[in-house]
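There are 2 protein chains.
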Amino acid sequence: MSSFSVSSTDMEAIALGGAFLATGGGGDPYIGKLMAQAAIAAHGPVTVIPPDAVADDALCVPVCMMGAPTVMLEKLPNGREAHEALEQLEAYLGRKADALVCIEAGGLNSTIPYAVAAATGLPLVDGDGMGRAFPELQMVSFTMHDIKATPMVLADDKGNSSVLKAISNRWTERLARCQTVEMGGAALVALYPMTGAEMKRGILRNTMSLIKEIGETIASERRANRNPAEALIRRLDGRKLFTGRVVDIERRTEGGFARGKAIFKGMDEDEGRTFTVNFQNEYLIASDDQDRLLAVTPDLICGVDADGGLPVTTEQLRFGLAVTMIGLACDPQWSTPAGLDLVGPGYFGYPHDYVPIKELSR
Amino acid sequence: MSSFSVSSTDMEAIALGGAFLATGGGGDPYIGKLMAQAAIAAHGPVTVIPPDAVADDALCVPVCMMGAPTVMLEKLPNGREAHEALEQLEAYLGRKADALVCIEAGGLNSTIPYAVAAATGLPLVDGDGMGRAFPELQMVSFTMHDIKATPMVLADDKGNSSVLKAISNRWTERLARCQTVEMGGAALVALYPMTGAEMKRGILRNTMSLIKEIGETIASERRANRNPAEALIRRLDGRKLFTGRVVDIERRTEGGFARGKAIFKGMDEDEGRTFTVNFQNEYLIASDDQDRLLAVTPDLICGVDADGGLPVTTEQLRFGLAVTMIGLACDPQWSTPAGLDLVGPGYFGYPHDYVPIKELSR
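Quick mapping for you: the protein sequence lines, in order, are chains A and B.
Using the numbering used here, you'd call the opening residue of the first sequence number -15 and step up by one each time.
Using the numbering used here, you'd call the opening residue of the second sequence number -15 and step up by one each time.
These are computed hints drawn from the structure, not numbers from a lab.
Nothing false has been slipped in among the hints.
Identical chains share a label here; the pair holds if one copy fits it or two copies do between them.
Straight-line C-alpha distance at most 30 Å; calculated DSSO-like pairs for lysine-lysine: (1) Lys132 to Lys80; (2) Lys184 to Lys132; (3) Lys132 to Lys142; (4) Lys184 to Lys342.
Next comes chain A alone, as it looks inside the complex:
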């Protein structure tokens, strides 16, 4: 892959593709898109570079939002907090960043880094730490490569900030989570400062270009009055899990997360069947009325509106909405024992074992 330039117009596709790959979570990328578009208008386009274009001794820094994305819709970030978090981390390290990284390939956090990249003139690396969205900060490939989340900076909209150092990435999650809640439910953070060599070892590659391509596919299919589900399944080697209408939703807030399940009544070729999707911020497990698994975390479960074709987040699920659920194989790093410890069904409290989607769909 080679470098490419991202304009304000490109951010439309990137927001759309990010919403799809976010597997129902990650927050609506709308705010992040506006922040990125404002920054690109002021400072010019963003350059996305392949991981191998980064020097081994470069300083690479992921920047993102932490907390409840819904909070950001009511408490708009001023566009400076993420940049400030980066600057404070640079001050702490006594060194300027050479490249920015996305912590997750989905939702708000696949758009906010573009805003910071435009404002700072830094390139953004084509890749991320999840290849999708996950709810907790230790759930990144970097953790499997012994890259530490700290020193980490949190900054809020009021001017409060903190620099964390923790003995593990799980501890970083705990200490950062409570501060995020106290800061009003959302904070902008800079974390996992790493060398270029570490980044190249840990990063899940090409996901920024993939997001852009997914977004362009959704947009062009919609322009042609086609639902993008078929095209996405072909492009991503995905599996159609089912198409169905929401007939029941159970939601509860536990430990700052949106947990629950949705029941779907099958439509079209799935007429007469019933499906369940369990979620915690993201869609995590899909099964049918025989309790047969259709897809299970860390494999991706992505929803698109069966009518309009737009990505559907867990928050948007409502009675009567028709959704096509698509399953995608996760990055091979996630299906290792170390990966499943971090993001397998057991970590989220489900009794199921992980079975790769390719085996389930045989």
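Use these hints to put chain B onto chain A, whose structure you have.
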């Protein structure tokens, strides 16, 4: 006042005097005493110096424990965390501390700084930020002199730490409190870094020597088989509020604090009367059965065991215990409007107005 040296033996009196001046809270200084005695045994005695002996441009740093003191009894600090918190703050500021300060004159936090002073060889200033104990970190005279609590370092026993910067001392309290809870209920902290000039403006003077003298008075009266209450009242120009036996206690944990009230049946000259003491970590309001106020925060309410003569904390109150309650006038800084905003009865949610104890006892 002149400088004085504190030996391991002196720490016995300091722990005792600190328990009295803690007004029922501040935690049992026993652990802090052991930490200080171990450090003095290893490194030699501590020098306590008058505030005016510190240069205007010196760096003065309070070190203390934050959180539930009861936790420290089960989760013994390794003796290094407080020192580490100081070192991290020094690293952040790029400058070594010249003198240590006590944040409160009572309980654990009037003994822990001796441990750090012995280990670092730094002098400890004769004074503190409260002249007693209070539960929240913004409740110090330094806040009234616009001295910022941040940058502040928190360190736990596991090796996690954080550097906080906040827009106000109330915000520092909020952000540090949630981290303390997450760190297991207690953290060692270094905060309110200030110049010598700021320290001299804000500090409540001579409280370290006062604590030592109170402890020596309690010890010598006990050796003479006298209850120390009378001698303490004379020395401190205090008022005897009442002597009574605990007949009822209501305790509840709210927002991480031990709130409640104790009812006492009067003894000796108070026979036939009933008294109530409201507390939140510390004793805050004493009243009689006619709802007449006897003493109210920020004035000090200190308890001593009517039999053994030792200081009694709110946690030690139990059915049948006979206690003499002594009221002391607070430092004049606390009875100003700014002081009452920080630590008056209204802040703690009580409907009473502050009336100085000297008026109440007329």
